[in-house]
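As given, the protein sequences belong to chains E and H, one line each in that order. Here the UniProt record's numbering is used: position 243 in the first sequence is 243, and no number is missing along the way. Here the UniProt record's numbering is used: position 165 in the second sequence is 165, and no number is missing along the way.
None of these hints come from the bench; they were simulated from the model. Treat the hints loosely; a few may be bogus.
[To be verified] Interface residues of chain E toward chain H, partial, derived using beta-carbon atoms under 8 Å: (1) Leu18; (2) His162; (3) Pro164; (4) Arg247; (5) Thr399.
Cβ atoms here follow ideal geometry from the backbone N, Cα and C, with glycine treated the same way.
These are the residues of each chain, in order.
2 protein chains.
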Amino acid sequence: MPTLIVSNQRTEEMVGDLELLDPDYRRYVGNQAQRMAWCLREGDILVLPMPADEEFLRYVADSLGIERDSVRVIVPPAGRVGEGLLSRDRLTDEGFLAELREAVAAQGTDRVLPFHFDSTVAELTRMLGLDRVTPGFGFLDQSGGRLLNSKSTFRALAGGVHAPVPEGGVFSAREEAEAFLWEGLLSQGHPAILKQDFHVAGFGNEIVSPVPGVDPLGARRTVVTEDREELVKYLTDRWDWLTDGGRNRVVIERYVPESVPIYAEVRVEEHGVEFTGHGEMRMKPVLNGLIVPAPSAELPAFPGFLDAVRLLCEPIHAVGYRGIVSVDAIVTPDQDILINEFNCRTGGSTHIHRIGERVVGADYFEERVLVELRRCTFPPFATAVEALRTHGLAYDPATRTGVLVTVDDGSPTGGFGEYVVVAEDADGVRELELAVGELFAAHGTED
Amino acid sequence: MPTLIVSNQRTEEMVGDLELLDPDYRRYVGNQAQRMAWCLREGDILVLPMPADEEFLRYVADSLGIERDSVRVIVPPAGRVGEGLLSRDRLTDEGFLAELREAVAAQGTDRVLPFHFDSTVAELTRMLGLDRVTPGFGFLDQSGGRLLNSKSTFRALAGGVHAPVPEGGVFSAREEAEAFLWEGLLSQGHPAILKQDFHVAGFGNEIVSPVPGVDPLGARRTVVTEDREELVKYLTDRWDWLTDGGRNRVVIERYVPESVPIYAEVRVEEHGVEFTGHGEMRMKPVLNGLIVPAPSAELPAFPGFLDAVRLLCEPIHAVGYRGIVSVDAIVTPDQDILINEFNCRTGGSTHIHRIGERVVGADYFEERVLVELRRCTFPPFATAVEALRTHGLAYDPATRTGVLVTVDDGSPTGGFGEYVVVAEDADGVRELELAVGELFAAHGTED
Numbered sequence: 001m002p003t004l005i006v007s008n009q010r011t012e013e014m015v016g017d018l019e020l021l022d023p024d025y026r027r028y029v030g031n032q033a034q035r036m037a038w039c040l041r042e043g044d045i046l047v048l049p050m051p052a053d054e055e056f057l058r059y060v061a062d063s064l065g066i067e068r069d070s071v072r073v074i075v076p077p078a079g080r081v082g083e084g085l086l087s088r089d090r091l092t093d094e095g096f097l098a099e100l101r102e103a104v105a106a107q108g109t110d111r112v113l114p115f116h117f118d119s120t121v122a123e124l125t126r127m128l129g130l131d132r133v134t135p136g137f138g139f140l141d142q143s144g145g146r147l148l149n150s151k152s153t154f155r156a157l158a159g160g161v162h163a164p165v166p167e168g169g170v171f172s173a174r175e176e177a178e179a180f181l182w183e184g185l186l187s188q189g190h191p192a193i194l195k196q197d198f199h200v201a202g203f204g205n206e207i208v209s210p211v212p213g214v215d216p217l218g219a220r221r222t223v224v225t226e227d228r229e230e231l232v233k234y235l236t237d238r239w240d241w242l243t244d245g246g247r248n249r250v251v252i253e254r255y256v257p258e259s260v261p262i263y264a265e266v267r268v269e270e271h272g273v274e275f276t277g278h279g280e281m282r283m284k285p286v287l288n289g290l291i292v293p294a295p296s297a298e299l300p301a302f303p304g305f306l307d308a309v310r311l312l313c314e315p316i317h318a319v320g321y322r323g324i325v326s327v328d329a330i331v332t333p334d335q336d337i338l339i340n341e342f343n344c345r346t347g348g349s350t351h352i353h354r355i356g357e358r359v360v361g362a363d364y365f366e367e368r369v370l371v372e373l374r375r376c377t378f379p380p381f382a383t384a385v386e387a388l389r390t391h392g393l394a395y396d397p398a399t400r401t402g403v404l405v406t407v408d409d410g411s412p413t414g415g416f417g418e419y420v421v422v423a424e425d426a427d428g429v430r431e432l433e434l435a436v437g438e439l440f441a442a443h444g445t446e447d
Numbered sequence: 001m002p003t004l005i006v007s008n009q010r011t012e013e014m015v016g017d018l019e020l021l022d023p024d025y026r027r028y029v030g031n032q033a034q035r036m037a038w039c040l041r042e043g044d045i046l047v048l049p050m051p052a053d054e055e056f057l058r059y060v061a062d063s064l065g066i067e068r069d070s071v072r073v074i075v076p077p078a079g080r081v082g083e084g085l086l087s088r089d090r091l092t093d094e095g096f097l098a099e100l101r102e103a104v105a106a107q108g109t110d111r112v113l114p115f116h117f118d119s120t121v122a123e124l125t126r127m128l129g130l131d132r133v134t135p136g137f138g139f140l141d142q143s144g145g146r147l148l149n150s151k152s153t154f155r156a157l158a159g160g161v162h163a164p165v166p167e168g169g170v171f172s173a174r175e176e177a178e179a180f181l182w183e184g185l186l187s188q189g190h191p192a193i194l195k196q197d198f199h200v201a202g203f204g205n206e207i208v209s210p211v212p213g214v215d216p217l218g219a220r221r222t223v224v225t226e227d228r229e230e231l232v233k234y235l236t237d238r239w240d241w242l243t244d245g246g247r248n249r250v251v252i253e254r255y256v257p258e259s260v261p262i263y264a265e266v267r268v269e270e271h272g273v274e275f276t277g278h279g280e281m282r283m284k285p286v287l288n289g290l291i292v293p294a295p296s297a298e299l300p301a302f303p304g305f306l307d308a309v310r311l312l313c314e315p316i317h318a319v320g321y322r323g324i325v326s327v328d329a330i331v332t333p334d335q336d337i338l339i340n341e342f343n344c345r346t347g348g349s350t351h352i353h354r355i356g357e358r359v360v361g362a363d364y365f366e367e368r369v370l371v372e373l374r375r376c377t378f379p380p381f382a383t384a385v386e387a388l389r390t391h392g393l394a395y396d397p398a399t400r401t402g403v404l405v406t407v408d409d410g411s412p413t414g415g416f417g418e419y420v421v422v423a424e425d426a427d428g429v430r431e432l433e434l435a436v437g438e439l440f441a442a443h444g445t446e447d
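Excised from the complex, chain E in its bound form (with noise of 0.2 Å):
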């Protein structure tokens, strides 16, 4: 099954205006959609926003065992909103079409595996006369994948299922909005999470407090409302932005302070449900990292909402949606683990598992702890591999352990490197954190 790797990390359909999007944080986007490098295998094709560097390239293939060069890498034109992104007008541009169209037939490529999987996408696969073959096309050719990227349709499909969520509503009037945050959450100590129906990654999301001092984990910031004046004069303010000037509705629900963000990766395919594997954002000591498998599993309420999970992919496999899907919930400080969003899409978690998979071996998830490093900064690829060599951290394949670069950026200015130490236990993975940490710090300041 040769594939079609498009890594769309962001598209019109998950954030709106792409136009909106920071320069630097399309940059950034741009930059790890090289992540999904970790999904190639013998004889697929990648399309990237930006140029990877060829020795990252050839550096994933070797991990991977696979030939570099059975595999095409395409990056097309810039578009309208740079380089970060591959919007709409870059993968319908005739240029990359028909390289694309030559490289398709070359490959003998039948299948399509975007990180989002769009109505450009969908018209693509279309072009290229893959929809026939691609599973799931059906549904996602009518709009299916927005359908289950927004918010409300999480709330709608999680309630159905009693799947457990945390308190709240689907709204469109400010003023049952207002009413439900007053009465409901704010005047009973509770701070609350307004959600945009269509967006990721938290940029859509606020939170009001009736108290100072809630931290804002997954949205934008938290705004304090102690009273119903001030709770009715943020909504008048903000309703246009959360609605997207009238156009959508808005989720709301309880937020719990001092959550710990964990996940569940799973594959709806034809057959049935595949369970992935799950995993936890670190908190301590820094906040930065996924860690998989997830601590939390050791929770007595985790199996709970491993059937949650299940129980969620039932309607999301019976609508004919056929792809990756993350369910992300929170572990409260009661330890209770309330599901709070899914994503039908390729996931930020995806190549970790994907090199569990395939670089670590099938029993990762028994033997083997990984934690992965965003917005790092690093020396460039090939003197950063080699200092990693030197010093014996690199990933070992006989000890199965140590640390694999898996996203370069090589931009002067940088910062947006990604890396996963592979260890066999928490202690191991710290050691190894703590040495890879002194090793590039020293690198960079020789530089």
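Based on these hints, arrange chain H on the given structure of chain E.
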């Protein structure tokens, strides 16, 4: 299961702004709310937007074999859009709620059956403490009704189960809509129907055709656009209306003139999907009337249609909806059957099937033909029923044939009455219908 029946025939979530509905149309749907009286069982409560004639209510109860006095009928005070619609302000009116609470307690009500389970009915259900016992509440409470009431959701779900649908798609960009319309349909000589995402009864639909003479069945009008320039002009003029000011997307499908509309109605219940029946819109001799069962059931394509209905209901069941689903389709001149919509609510046909099951008898679907006529003018109710009896036309439980008045219009203007003719076959229907027409016409001239 004493039931609270709320005959909210049009809601904000079905049609958008209720104030935009023509006052005459509001009165029409307010009157037609009487249809749900045919869903009454012993001990139920019926909420109507406008009072019904007491003699009519006794007639319905007698026909159904229940005690009129076991049933409570409640009409809330007129609201901001008058008395034809059960708008949100009416269903949350304090005095009405007090009366309803008392009635629910007295009757031991444990179920809510609205025409449309929107967020207002969800709130009402919760205020009455019936949320935990109402099947599907978890889904409906979290905006599930709006989700399923969307025409783009229909397209995605139909795509997901590969149901036979007209060629088409879901569009948010005008340029893409134009390209599909022109290249895919109009330049090939095919008309197209453009549908607002949220609207009922064809009020949100328009047809564009490359040739004149296309009858706008299921739409407001046909616009002839002979070349691409005219199409662009039409889209420029109407895009704002079609997308409700950019709020929603537009479903565009090939429109097949001279097709016959049919439907199948089912009940989605906890244990699975139960078939209720099917019917067809009568096109000749007049475009008025529902025929049950659908004469098209004889066609070779019909079993495939019923299979597709079952497949489509799987995701509807899986997402957690519980209640009535009506799946609409067309029979094309080539005798293909293409599904073009579903409605997850009580249908305009539901009461006909209730009359079949409960008045005519369980085998009505095999043994009888029912034809419903709408927008009729009768003499005053008691006079009409007496005249039917005198002339031997009234429904007779002995022969299981005859005429039932299903909706009374006692207003000075009249014109919104409805009745059902029950006969052994199409010939019997024709005879009875002719006799009733003559009888009522004679009475009309006597007035």
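Hints versus structure:
no., hint, verdict
1, Leu18, "violated (13 Å)"
2, His162, "holds (5 Å)"
3, Pro164, "violated (12 Å)"
4, Arg247, "holds (4 Å)"
5, Thr399, "violated (46 Å)"
The earlier numbered hints that this structure contradicts are 1, 3, 5.
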